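Visitor: These protein sequence lines are chains A and W, in that order.
Going by our numbering, the first sequence opens with residue 551, and the numbers climb by one from there.
Going by our numbering, the second sequence opens with residue 3, and the numbers climb by one from there.
Keep in mind the hints are simulated off the structure, nothing from the lab.
Since the structure is predicted, the reported quantities are computational estimates derived from the model, not experimental observations.
Every residue gets a Cβ at the ideal spot worked out from N, C-alpha and C, and that includes glycine.
Treat the hints with care, since some could be wrong.
[Unchecked claim] Beta-carbon label-pair distances, calculated as ranges:
hint, chain 1, residue 1, chain 2, residue 2, range
1, W, Ala394, A, Gly630, 30 to 36 angstroms
2, W, Gln386, A, Ser584, 46 to 52 angstroms
3, W, Leu77, A, Glu590, 51 to 57 angstroms
4, W, Ile392, A, Asn579, 36 to 42 angstroms
5, W, Ile392, A, Arg628, 43 to 49 angstroms
6, A, Ala677, W, Pro153, 18 to 24 angstroms
7, A, Arg628, W, Met363, 52 to 58 angstroms
8, W, Gly118, A, Glu590, 44 to 50 angstroms
9, W, Glu220, A, Glu590, 33 to 39 angstroms
10, A, Asn645, W, Lys320, 39 to 45 angstroms
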Amino acid sequence: MADHLSIFLENKPGKLEKVTHVLADANINIHFISVASLGEFGVIKTIVDKPDIAHKALKEHHFTVSQKKILIAAIDDRPGNLHELLALFSENDINIEDCYGFPIKEQGKVGIVIEADAYPKIETVLASHHIHCIDLNEIT
Amino acid sequence: MFWEKEIETISSSDLKKLQLIKLHHTIEKAKKSDYYKKILKKTKISTLKDIESLPFTSKQDLRDHFPYGLLAEDLTESVRLHSSSGTTGNPTVVFHTKEDIELWADLVARCMYMTGVRKHDVFQNTMGYGLFTGGLGFHYGAEKLGMLTIPVGPGNSKRQIWFMQQFSTTAVHILPSYAIHLYSSFQELSLDPKKDTRLKTAFIGAEPHTNALRVQIENLYGIKAYNSYGLSEMCGPGVAFECPQQNGMHIWEDHFYVEIIDPKTGQILPDGEEGELVLTTLKRSAMPLIRYRTRDLTRIINEPCLCGRTHRRIERIKGRSDDMLIINGVNIFPMQIEQTVMQFPGVGNNYRIEILKENHMDRINVLIEVHEEIFNGTLSKLDQLKNQIIEALKSECGVTPKVKLVEPESLPINEGKAVRVFDMRRNEEE
Ligand SMILES: [Zn+2]
């Protein structure tokens, strides 16, 4: 398991840079970052090496932060594979809040980040289909 | 069950006799002030109804005769002043003699005793101390009743909880919005106020709130919450208060003569009709006020109350008569907007409402700071909250607002009795 940090931001110039600045000052390494926005506001999601320290630093700078557990499933990098994974979730009635992927070069695999609520259940489902979940240190 | 049984259950005819005596006394006293000297010169009161021939006193009269114009005693007799902050012009200043302070404390003690708190209770006052009457008013009342009183003052939720736990606080005086906010601090500390405190009573007031919000506070804390009404011009808190029936607030008619008028015409309205509350002090020495227009809109409930008290009740305050806004032709009270926004959990005090003109149309902007209580990390939840607030305001006020979600610390900090509705149209016209 790993941690997702979600940060609420107003959609204004320089806002994203403020977040990366705080993280840089706290000596945090950013593995992934994504921005989703709805017009006047948005949410930044990031995976970092030291989530607890990053959370604290952002809070001290008056950012509103939510920290959540995520799973990173490693699947083979071939067509149709992501579809199979998602079908697996819907068959098992698992609701996914957020999901995106990134390549893991050395292994020829793709890491799929899954944010949801029903973790033990997801882990059981993945394990029964021989899908491996990786740790952050395996990819960095 | 009564602090002062005889007076609280006085018969209507005895109350009228008492009021007439006190009214004579008040008028004689008021004549000593520069302001009332001229107005009351030829006043003859033989029945209570004769009061209707006297002019009203307004907040503006208090401002215009700042600071000593309404003082009816030598200033050396005053031991305290309270003041409401004025955003425009002079503030209103109210003076108190030693006796005024004692009578006020006794009145607040009567209110608190009515809800069932006793000498053995531990009372924590989270209201602001200072010029604002909410803090000191309850403080003196609680001491008069004999409770151990903890003057914590506002803010610092961790410290509030620490005191509640260390000293087994059983009663609190708290802003309803702060009660909701404080609950989230309990959650952060993995505490449940129902199990981890001895709280049983809350006195809530000083800001508008719905009955739904009261019920929410009662359920979160497992307590009873009682509505309190007061205004600094009369003394402060203690003017009217809820009894255990929680159905309207008994307004203490041995201290105040009560009228309800049509705010537009000044016509007196019968019991049961909604209008502006007008009060005459019956016991105050330093600064008696006659037919003071409170600007608060309410209704008198004159049916007998099951608790046995004979003083009539007033309904939860509906709004301020002079605050009414006209937005695209629709009449709206700022309180309606505030109550609607505040009922969303987690929003608490962290909002600001702006009314402005855009392309010759009025529009309402609701700015809400996004704190952790309402942020679970997903965009969709925020969007959902935004839409829920828009829908709620649309059905409550008939106007579609624009809701803006902003970062923490971007709105100005409010303390005490805060104004959160800003009509920017006035500024634009000037
Ligand atoms: Zn009653």
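Visitor: Take the hints in turn and mark each one as holding or not.
Guide: Here is how each hint holds up against the structure:
A beta carbon spacing of about 45 angstroms between W/Ala394 and A/Gly630 contradicts the range 30 to 36 angstroms that was offered as a hint. Taking 46 to 52 angstroms as the suggested C-beta distance range, the pair W/Gln386 and A/Ser584 does not conform, at roughly 21 angstroms. For W/Leu77 paired with A/Glu590, a C-beta distance near 55 angstroms keeps the hint of 51 to 57 angstroms intact. Taking the beta carbon of each, W/Ile392 and A/Asn579 are about 40 angstroms apart, inside 36 to 42 angstroms as hinted.
Between W/Ile392 and A/Arg628 the beta carbons are some 45 angstroms apart, a value that agrees with the proposed interval 43 to 49 angstroms. For A/Ala677 paired with W/Pro153, a C-beta distance near 58 angstroms fails the hint of 18 to 24 angstroms. One distance hint, 52 to 58 angstroms for the beta-carbon pair A/Arg628 and W/Met363, holds here, with the actual separation near 56 angstroms. Range check, W/Gly118 to A/Glu590: Cβ separation about 49 angstroms, and the 44 to 50 angstroms hint holds.
Between W/Glu220 and A/Glu590 the C-beta distance comes to about 36 angstroms, which sits within the given range of 33 to 39 angstroms. Take A/Asn645 and W/Lys320: their Cβ atoms lie about 43 angstroms apart, and the range 39 to 45 angstroms holds.
Violated hints, listed in ascending order, are 1, 2, 6; each of the other numbered hints is respected by the structure.
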